[in-house]
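Asks: Chains as they are written, first to last, in our numbering: chain U, 1 to 207; chain L, 1 to 48.
Treat the hints with caution; some may be incorrect.
What the hints assert, rightly or not - Derived, one-sided and incomplete: chain U residues facing chain L with beta-carbon distance under 7 Å:
1) I43
2) D142
3) G146
4) Y149
5) I160
6) M164
7) I165
8) H166
To be verified - FRET-style restraints, in silico, Cβ to Cβ:
9) V32(L) to L125(U): 29 to 35 Å
10) A29(L) to R135(U): 31 to 37 Å
11) I40(L) to L108(U): 22 to 28 Å
What the hints assert, rightly or not - Calculated lysine-lysine pairs in the DSS-like style (CA-CA distance at most 25 Å, straight line):
12) K104(U) to K42(L)
13) K77(U) to K190(U)
14) K127(U) to K42(L)
15) K127(U) to K47(U)
16) K202(U) to K190(U)
17) K98(U) to K42(L)
18) K199(U) to K18(U)
19) K18(U) to K127(U)
20) K104(U) to K202(U)
None of these hints come from the bench; they were simulated from the model. No residue lacks a Cβ here, since even glycine has one placed at the ideal position from N, Cα and C.
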Amino acid sequence: MSSPNSVTGSDGHIQRYKLVDRIYHWVMAICILTLMATAFLPIIGWKFEWLAIHWVTGLVLTVAVAFHIIRSLFFQKIMNMVPDGQDFASLGTSRSGKFNLAQKLYHLAVAVLILSAIGSGLLMLRKIDTPFWKRDAYWFGDNDWGIIYSLHDFAGMALITMVMIHVYFALRPDEWHLTRSMFRGWMTRKEYQDHFDPKRWKALDDA
Amino acid sequence: MEFFRYATSVYGDRVIIGASFDLLQFFVAAGVAAILAHAIFKWAAPSR
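Working from the sequences, and respecting the hints, build out all of it.
Replies: Below, the structure written as structure tokens:
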């Protein structure tokens, strides 16, 4: 029988993502898609009242990302997501640690973009009226606001590229073991043995 | 094509107000290019 901290069930399934991490992923996905739709659909001609949906969703994403950062720093093995020498040494092989080099670099790029969008977005909240405060357009000078808005815009547009790539990989048949695990949390022992190096991702003591 | 959007301030200066959304198509194209490049690579590479 598996211990409470074990990631292998009695049925031989290997736990890859805990429920809380899957909930975070899908909350983040809904937020990102909502933010992209409310940001870019009006630009390409689909006019609707997008602003309130956009900033409220942005705040939800901010809370979710703050939760993820705290969880990854203090309750998970953050080194699972940091590129290291073994990632480069295992390039061209079929088995990796819990995350391969491309996944780590992708995560790093998305983290930079989302933190840029969140940071600039929080500052941009000062320029709109909300139930909590009145707008103050003079918090920064014109040029400073321009830089903040540009950062937000570039991060948002770059996230379109990143989301496209993410969805593409999620739909590729050779990556379905990962996609399925983001729904149900586990993968089969065979999938684990085929795709992962047990020395680098120890299924018995990892989470 | 410009990288930024501009406006004229109350003082008559030309100021940046954000990134140009003309760039949107290039970010979409970059995504398509990356996907195609990987798909072609996987199709052409010998399977392990």
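Asks: Hints first: check each against the structure and report whether it holds.
Replies: Results of checking the hints against the structure:
1. I43: Nearest chain L Cβ about 5 Å off; hint holds.
2. D142: Holds, about 4 Å.
3. G146: holds (3 Å)
4. Y149: Check passed: Cβ of Y149(U) comes within 4 Å of chain L, closer than 7 Å.
5. I160: holds (5 Å)
6. M164: Since the shortest Cβ distance to chain L is 3 Å, the answer is holds.
7. I165: holds (5 Å)
8. H166: H166(U) check fails; min Cβ-Cβ to chain L is 10 Å, beyond 7 Å.
9. V32(L) to L125(U): 29 to 35 Å: holds (33 Å)
10. A29(L) to R135(U): 31 to 37 Å: Given a distance of about 36 Å, which is inside 31 to 37 Å, the answer is holds.
11. I40(L) to L108(U): 22 to 28 Å: holds (25 Å)
12. K104(U) to K42(L): holds (20 Å)
13. K77(U) to K190(U): Status holds; Cα separation ~24 Å.
14. K127(U) to K42(L): Roughly 47 Å between the alpha carbons, so the hint for K127(U) and K42(L) is violated.
15. K127(U) to K47(U): With Cα atoms ~21 Å apart, K127(U) and K47(U) stay inside 25 Å; holds.
16. K202(U) to K190(U): holds (15 Å)
17. K98(U) to K42(L): OK: K98(U) and K42(L) at ~22 Å, within 25 Å.
18. K199(U) to K18(U): holds (21 Å)
19. K18(U) to K127(U): Violated - the C-alpha atoms of K127(U) and K18(U) are around 39 Å apart, more than 25 Å.
20. K104(U) to K202(U): holds (18 Å)
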